[in-house]
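Colleague: Residue numbers (the numbering used here), protein chains in the order written: chain A, 1 to 303; chain B, 1 to 419.
A hint or two may mislead.
Stated by the list, open to error - Which residues of chain B face chain A? A partial, calculated answer using Cβ under 10 Å:
id	residue
1	H196
2	D237
3	S241
4	L245
5	A285
6	P288
7	N350
8	Y354
9	P378
10	Q396
Think of the hints as simulated: they come from the structure by calculation, not from any bench.
Just so it is clear, CB atoms sit at the ideal spot from N, CA and C, and this is done for glycine as well.
In case you want the letters, here they are:
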Amino acid sequence: MAVDNIATRELPAARRRRKWGEILVPYLLVSPAILFVAGVLGYAVVNGFVTSLFRVDIWTIGRPFVGLGNYLALFRDPNFLNSLTRSLIFVAGTIVFGLALSMTYALLLQAVRSARGFLRSVALIPYLVSGIAAAIMWRFLFTGEASLVQATLESLGFGQMTWLGHPDRALAVVTLANVWFISPFATLILLGGLQSVDQQLYDAAAIDGANWFHSFLNVTLPGILPMLSLSLMWLSFASFNMFDIILPLTGGGPGRSTEVLAVYMYQLAFRNLDYSSASAVMMVLLVINLTLSLLYLRVSRVR
Amino acid sequence: MRVFVKRSLIAALLVSAGALLFPAFAQGDGEQVELTIWFGRENFIPADAFDAFHAEHPNIRVTTDVIPLEQAVADTLRAAQAGRAPDIVQIPADSLGPLAIQNALFDISDLLEQWQSEDPAGHGNLAEAAFSMGSWDGTPHGLALHIGPFWYTYRTDWFEEAGIAVPTNWDEVLEAGRQLSDGGRIGFAIHGSRAHDPVWMLSLFMAMGGQWEGNVPQLDSEAGVYLLEFYQALVRDDIGSPEILAWDSGDFRAAFINGNAAQALIGDNVYPTVQESLEYGDEWAGKPLPPRPGAEDQNRTMALGWPYVVTAQTEHPEEAMLALRYLARPEIIEEVALRYQPTTVLPVLNSPSYVDAKPWAPDFAEAFAQLEPLPGHPRQPQIYQVLLDAMQEALQNPNADAGEIAATYQAQIDELADR
């Protein structure tokens, strides 16, 4: 009886210890990774934010504190406002076309029964190509004597058309190149989502008389909403930060028509050597990316 | 056996001690000096990689690295902040200002005087541009041992075939372009993209009589407006490539080298590549940039320079100067000049091997003596962006009023310069 009493007294304490252990151990295990990411990214963000509050460029001796002066100057700068507008068009275009493309490809991959592994590898190829190589390839496609697009258009009876030398068409080309470059990863994310949807739900919908479109709308989409949100996040982030395709493809031109925020930030930092203004642009990009990710997460949770 | 082991151990200890102590004694003879030099391009590094220099100065060890010219200023400033700036860095001459303003450069006046007194012949070999391009506000910080002008380059065979005389001014260049651009050829090839600093544009500007006030280009001058009209004519009259706004230097050079362009503005360093495809004289030739009609007396030929400057953080300025003097030796610089950029070391330009390798050299000898450096302003990087805006605006709007374009962008340039 006494033994039973001791056992009943000690059991909750042991359970509590085990419970705390279960809670703490995962955090303990991921803490090195969190510390590493915080060290690498956190330092850059904090340093960037601090730099944006000072005047740091090659013309100023020392680092005078200017508070929000860099941000105010930025929002008065027509070149920054142009970059912001161009970025929004570029990202919106990429999201619309990129999501349509990656969703279509993911659905096709999900539907095929054979060579799925091979097709999945093919889908990933653009993502494995370096940005510079992709830019050069797209440049050859649209400019020069051996331009495939030009030759095709001419064979179809269209006259000579300038692509990268025309402001609107150049923006369309860099958007297409970006879609080609970053969509494969979104495809993989969506494919993962599609594979996790319970087949029985489709069977039940079929019994209820749902056609393919109804099933897609009422079963597939709700089932992959978290993955859809993740894809949107990826497409937005990657596009807002896109730089390595645009710079070699157009250099931001013609006439700053493809100078999106990331390219503008590069020009400020590494051509104008104006580090504090570039840091302010970095913070603006960060805020936009954070806002969008919160929005996507909220939408996926609402459902 | 035990005695053998004991002796072996003692011998090993003595050898180890000797190996440890030798560098200390060796250093006692003279301080070991490590010099770091950042070259702007791999091609600028002499083929001997300082072997002869090391043999002459066993106490100095030169380590070279390649930091592209385009990022040399930014990287030097960052390295200086971290206390790890190189002893010598090669930068574009027009970017000297930012480094000088940040007190990142060493004043080599005394070292130049010392060189002149010790080796007047070696010092005298250098053209004036070598010193002026390495100076900021009258203070010498380094030496521009390589300079690169752009030349007006044209197809002699096409001109002859069409019965067109070699242009003597830019109006004639445009007219020749109009006549020769028929049949899919490009009349005049030049870049119009934002991929580069506008050095081709400024070279045209200077040849057309463009002026600088306080090192600020005067785009709203007669020469500036004429320059923008020149760009507009390239598009309006189909003289330039239809893709001129997307063309970078590689595109327009390739157009000329591949036989698709009648005229171009090509750097001296690219001439050997042109010669590989076309025969100098029979198929192509070059000459200094012609003047704007009516402004012949204001015509100048601009040269880019890439001086090696000594940084303020060097602990060994005298050794750094020795390295510069080594790089300036005719036998060292000639090897680089033969395969890459021309030099300011004058004896090299007249050497038989140089003329043999670059048969066009005698045609430019006079122009080389009169090259003018591109003026540099502390706000140069930002001014360049505005100049690119102006150029692209002219190319995009070939019928717009060039005077208005010039006035708009001059106001932006002046606003930057006044900050």
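Colleague: Holds or violated: is the Cβ of B:S241 closer than 10 Å to a Cβ in chain A?
Modeller: holds, 8 Å
Colleague: Does the CB of B:Q396 sit less than 10 Å away from some CB of chain A?
Modeller: holds, 6 Å
Colleague: Do the numbers back the hint for B:D237, that is, is its least Cβ distance to chain A under 10 Å?
Modeller: violated, 16 Å
Colleague: Given a cut of 10 Å on the nearest C-beta pair, is the interface hint for B:P288 held or broken against chain A?
Modeller: violated, 29 Å
Colleague: If you take the shortest Cβ to Cβ gap from B:A285 to chain A, is it below 10 Å?
Modeller: It is violated, given that the least Cβ distance between B:A285 and chain A is near 25 Å, above 10 Å.
Colleague: Restraint: B:N350 near chain A, CB-CB cut 10 Å. Satisfied or not?
Modeller: Violated. Min distance 38 Å.
Colleague: Hold the hint about B:P378 up to the distance rule: shortest CB distance to chain A must be less than 10 Å.
Modeller: Status holds, d = 6 Å.
Colleague: Please check whether B:L245 passes as an interface residue: C-beta within 10 Å of a C-beta belonging to chain A.
Modeller: holds, 4 Å
Colleague: At a threshold of 10 Å, is the proposed contact between B:Y354 and chain A supported by beta-carbon distances?
Modeller: This hint is violated: B:Y354 lies away from chain A, its Cβ roughly 35 Å from the closest one there, beyond 10 Å.
Colleague: Are B:H196 and chain A close enough, Cβ to Cβ, to be under 10 Å, as the hint says?
Modeller: For B:H196, the interface hint holds, since the closest Cβ of chain A sits about 8 Å away, which is under 10 Å.
In summary, the structure is inconsistent with hints 2, 5, 6, 7 and 8 from the numbered list given earlier, while agreeing with the others.
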